[in-house]
Amino acid sequence: MNSHAAGTSNGGSGDAAAGGAARRNTRMPKYSKFTQQELPACKPILTPKWVVSVFFIVGVIFVPIGVVSLLAARDVVEIIDRYDEACVPSNMTENKLAYIQNETISKECIRNLTVTKDMKQPIFVYYELDNFYQNHRRYVKSRNDAQLRDASKANQTSACEPEKTTANGQPIVPCGLIAWSLFNDTYNFTRGNENLTVDKKDISWKSDREHKFGKDVYPSNFQNGALKGGATLNPKIPLSEQEDLIVWMRTAALPTFRKLYGRIYFDLKENDTITVRLNNNYNTYSFGGKKRLVLSTATWLGGKNDFLGFMHIVGGLCIFLAFAFTLLYFSKTKDFSVLAKASVYHYFSLTPYTSGNANPICGFGRKLGDHNYLSWNRHPAGR
Amino acid sequence: MEAVTRLVKIRTSKTTLAIGDGANDVGMLQEADIGVGISGAEGMQAVMASDFAIAQFRFLERLLLVHGHWCYRRIAAMICYFFFKNITFGFTLFWFEAHAMFSAQPAYNDWFISFYSVAFTSLPVIALGVFDKDVSSRVCLEVPSLHQDGVNNVFFSWSRILSWMLNGMCCSIIIYFGSLNAILVQAVRQDGRVAGFDILGVTMYSCVVWTVNCQLALYISYFTWIQHFVIWGSILIWYTFLVIYGLFSPAISATAYHVFVEACAPSPLYWLSTLMIVVTALIPFFVYKISRTLYYPQYHDQVQRANSKNW
Chain A
312 MNSHAAGTSN
322 GGSGDAAAGG
332 AARRNTRMPK
342 YSKFTQQELP
352 ACKPILTPKW
362 VVSVFFIVGV
372 IFVPIGVVSL
382 LAARDVVEII
392 DRYDEACVPS
402 NMTENKLAYI
412 QNETISKECI
422 RNLTVTKDMK
432 QPIFVYYELD
442 NFYQNHRRYV
452 KSRNDAQLRD
462 ASKANQTSAC
472 EPEKTTANGQ
482 PIVPCGLIAW
492 SLFNDTYNFT
502 RGNENLTVDK
512 KDISWKSDRE
522 HKFGKDVYPS
532 NFQNGALKGG
542 ATLNPKIPLS
552 EQEDLIVWMR
562 TAALPTFRKL
572 YGRIYFDLKE
582 NDTITVRLNN
592 NYNTYSFGGK
602 KRLVLSTATW
612 LGGKNDFLGF
622 MHIVGGLCIF
632 LAFAFTLLYF
642 SKTKDFSVLA
652 KASVYHYFSL
662 TPYTSGNANP
672 ICGFGRKLGD
682 HNYLSWNRHP
692 AGR
Chain B
19 MEAVTRLVKI
29 RTSKTTLAIG
39 DGANDVGMLQ
49 EADIGVGISG
59 AEGMQAVMAS
69 DFAIAQFRFL
79 ERLLLVHGHW
89 CYRRIAAMIC
99 YFFFKNITFG
109 FTLFWFEAHA
119 MFSAQPAYND
129 WFISFYSVAF
139 TSLPVIALGV
149 FDKDVSSRVC
159 LEVPSLHQDG
169 VNNVFFSWSR
179 ILSWMLNGMC
189 CSIIIYFGSL
199 NAILVQAVRQ
209 DGRVAGFDIL
219 GVTMYSCVVW
229 TVNCQLALYI
239 SYFTWIQHFV
249 IWGSILIWYT
259 FLVIYGLFSP
269 AISATAYHVF
279 VEACAPSPLY
289 WLSTLMIVVT
299 ALIPFFVYKI
309 SRTLYYPQYH
319 DQVQRANSKN
329 W
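Going down the list, the sequences are from chains A and B.
Each residue of the first sequence is one higher than the one before, starting from 312 at the first, in the numbering used here.
Each residue of the second sequence is one higher than the one before, starting from 19 at the first, in the numbering used here.
Simulated from the structure, these hints should not be mistaken for lab results.
Check the hints yourself; a few may be wrong.
Derived DSS-like pairs (lysine-lysine); straight-line CA-CA distance at most 27 angstroms [unchecked claim]:
#1 A/Lys-580 / A/Lys-512
#2 A/Lys-360 / B/Lys-307
#3 A/Lys-354 / B/Lys-307
#4 A/Lys-344 / A/Lys-360
#5 A/Lys-407 / A/Lys-539
#6 A/Lys-539 / A/Lys-431
Taking CB as the label site, the calculated pair distances span [what the hints assert, rightly or not]:
#7 A/Asp-513 / B/Tyr-314: 55 to 63 angstroms
#8 B/Pro-284 / A/Ile-548: 40 to 48 angstroms
#9 A/Pro-340 / B/Tyr-317: 42 to 50 angstroms
#10 A/Arg-338 / B/Ile-52: 35 to 43 angstroms
#11 A/Gly-536 / B/Leu-265: 36 to 44 angstroms
#12 B/Ser-267 / A/Asn-402: 53 to 61 angstroms
#13 A/Asp-386 / B/Ser-267: 20 to 28 angstroms
#14 A/Ile-548 / B/Ser-121: 26 to 34 angstroms
From the derived model, a few chain A residues whose C-beta atoms are all more than 12 angstroms from chain B [unchecked claim]:
#15 Asn-402
#16 Asn-413
#17 Gln-534
#18 Ser-597
All values reported here derive from a predicted model rather than from experimental measurement.
No residue lacks a Cβ here, since even glycine has one placed at the ideal position from N, Cα and C.
Given the sequences, and given the hints that come with them, work out the whole structure.
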């Protein structure tokens with residue numbers, strides 16, 4: 312490593328050396344601000360003023376955002392109804408698994424929901440599952456994107472174990488566990504005599520519909536095996552129009568998740584009774600899962616989420632800290648503002664190592680040592 | 019000479035520095051922990067055997083007091099910060115595993131993870147390690163006792179290393195649980211759509227990149243155009259990468275296809291929660307820094323403050 316200290320154009324060198332360098336042919340490298348690390352810079356120092364202003368600004372920004380978010384969350388009306396326990400007939404509550412797997416028992420279930428506040432259209436219908444790990448690695452892997460996109464790649468079923476091929480080796484389209492476990496409960500809504508139709512178009516993301524699921528890919532050999540995991544698919548409808556499948560295959564992040572089932576374009580009034588005729592087909596009993604039906608409105612912020620209201624707690628905390636620091640600043644200011652100015656003049660001398668440094672005091676009353684006692688300050692001879 | 023050096027080294031277990039300019043000093047220079055060779059009248063043998071080479075004896079003062087102080091501080095800070103940023107990132111993955119049945123499902127798209135240390139957080143660390151300065155060279159020469167910081171191992175003590183790691187853990191906890199609660203389970207946009215695995219990944223990752231880079235901005239004390247460029251540039255690179263990667267066909271980009279442009283960017287919830295989570299994650303360090311530099315200043319803090327004209 313060479314020439315760490317080669318460019319001593321500032322600081323530390325005496326007059327004789329500088330004079331000598333001018334006479335000799337010097338090999339000093341060319342001065343540049345970059346190599347001498349003297350680029351123009353701002354050197355922020357944490358002073359009480361900075362602290363107070365930063366906290367105050369953060370508080371002033373956060374509190375209104377938090378309040379606005381809380382108000383938006385309060386505007387959202389949500390009706391949640393857990394139905395997996397309630398929809399099991401009373402004579403089979405001991406053996407729910409037998410109930411759900413028995414195809415002869417009717418799975419139709421009637422639920423009544425009461426609207427707690429006025430709900431403006433569009434009202435979103437979700438199904439919420441609990442304890443369903445769509446984010447398990449083996450599950451997430453179990454799909455073949457090439458097959459979903461392209462009809463010619465129907466034979467590509469790698470990574471789809473165990474739902475790759477049928478017993479005679481025919482490829483399953485769409486293959487994999489994610490598609491196989493497609494949710495198959497259905498919901499029908501009526502209010503009195505009025506049928507509230509559910510619009511099931513445009514519930515999936517546009518990029519999925521147009522680019523990930525092909526317009527010419529049709530389901531084949533789907534749910535043909537002995538073990539049925541979920542819904543069957545109409546083999547005449549291409550995958551890009553099977554929106555329930557597309558929504559389901561966008562895997563969720565956590566074991567508790569909601570997926571969009573459809574939208575209702577009717578206004579609901581407070582105290583309306585909505586009758587839901589649902590088909591309780593999906594087996595969540597074998598793994599202790601829960602099923603819920605959710606009707607919700609949405610605001611500019613999305614659904615009902617109080618968490619952003621947390622922002623205004625953080626903002627309030629910041630304002631409180633700003634006030635606390637202001638109080639501390641004013642109570643101590645007598646000590647250091649005067650002395651800090653003195654220390655700036657005394658701490659720095661233009662010639663190095665001269666004596667005459669007064670007792671520099673910085674900070675909130677904490678003293679530094681007296682530089683007059685340093686050995687090189689006792690004999691102020693300079694260099 | 020090397021026997022003496024070895025004796026001092028072994029008996030006192032201290033770091034030794036040897037200076038020499040001639041061929042007879044080569045042994046001593048190699049034996050010492052740090053060898054400083056002077057090039058000049060006695061030839062280049064000492065230079066070739068040394069760790070540092072200078073041209074004149076008087077440059078030693080600057081080497082030790084200025085560059086020694088700067089380099090010690092930079093390297094210690096860089097190592098601590100490196101641990102911090104990787105812990106912040108890595109632990110979000112661990113917390114996610116608790117909710118994914120410990121099945122080793124990564125919370126982010128594979129290429130996000132690959133590029134973390136390469137593109138989004140590498141340059142700012144280099145800027146910290148190469149350019150950071152707490153006091154100017156003049157102050158370093160005028161206050162030689164700053165050099166004692168290195169001798170007393172102030173910047174690389176175990177308490178410092180562990181507190182940076184603790185900071186990383188706290189940041190990762192705030193980021194993970196913040197993203198979780200902000201984005202899931204309800205709709206994230208006005209059109210009623212919910213966030214899946216991909217949106218959570220993008221949100222968490224953005225928070226990590228912002229937090230880690232802003233933490234660096236809070237730490238360093240010397241802002242040239244280079245520091246601004248690399249810190250804010252790294253954040254910009256992340257968003258640019260996200261957009262460009264999302265444009266590749268789904269065969270390559272898988273879960274990241276269009277995720278930012280279509281799903282995240284139009285959602286106010288995404289931006290507000292990023293803002294909130296990043297600021298909340300930085301508050302603990304900021305409060306610590308305030309209490310440290312204003313109420314319990316160490317020697318170098320006081321020198322740094324006296325150096326500035328702001329009081």
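Hint by hint, here is what the structure shows:
For the given pair, A/Lys-580 sits about 25 angstroms from A/Lys-512 by alpha-carbon distance, which is consistent with the 27 angstroms threshold. With a C-alpha separation of about 14 angstroms, the suggested pair A/Lys-360 and B/Lys-307 falls inside the 27 angstroms cut-off, and the hint holds. Annotation: proposed proximity of A/Lys-354 to B/Lys-307 holds, straight-line Cα distance about 16 angstroms (limit 27 angstroms). Proposed proximity of A/Lys-344 and A/Lys-360 is contradicted: the alpha carbons are some 31 angstroms apart, above 27 angstroms.
Between A/Lys-407 and A/Lys-539 the alpha-carbon distance is near 17 angstroms, which keeps this suggested pair within the 27 angstroms criterion. Taking the CA atoms of A/Lys-539 and A/Lys-431, the gap is about 39 angstroms. The hint is violated against a cut of 27 angstroms. Between A/Asp-513 and B/Tyr-314 the C-beta distance comes to about 60 angstroms, which sits within the given range of 55 to 63 angstroms. Here the CB-CB span from B/Pro-284 to A/Ile-548 is close to 29 angstroms, at odds with the stated 40 to 48 angstroms.
Between A/Pro-340 and B/Tyr-317 the beta carbons are some 33 angstroms apart, a value that contradicts the proposed interval 42 to 50 angstroms. For the pair A/Arg-338 and B/Ile-52, the supplied restraint of 35 to 43 angstroms is violated, since their beta-carbon distance comes to about 24 angstroms. For the pair A/Gly-536 and B/Leu-265, the beta carbons lie near 38 angstroms from each other, so the given range of 36 to 44 angstroms is met. Evaluation of the 53 to 61 angstroms hint for B/Ser-267 and A/Asn-402 yields a pass: the beta carbon distance comes to about 54 angstroms.
Taken as a hint, the range 20 to 28 angstroms is violated for the pair A/Asp-386 and B/Ser-267, whose Cβ atoms sit roughly 40 angstroms apart. One distance hint, 26 to 34 angstroms for the beta-carbon pair A/Ile-548 and B/Ser-121, holds here, with the actual separation near 33 angstroms. With a minimum CB-CB distance of about 34 angstroms to chain B, A/Asn-402 clears the 12 angstroms threshold, and the non-interface call stands. Distance to chain B confirms A/Asn-413 as a non-interface residue, since its nearest Cβ pair spans about 29 angstroms, more than 12 angstroms.
Consistency note on A/Gln-534: stated as away from chain B, and its beta-carbon is indeed over 12 angstroms from all of that chain's, at 23 angstroms minimum. With a closest Cβ-Cβ approach of about 16 angstroms to chain B, A/Ser-597 is found to remain outside the 12 angstroms limit, as its non-interface label requires.
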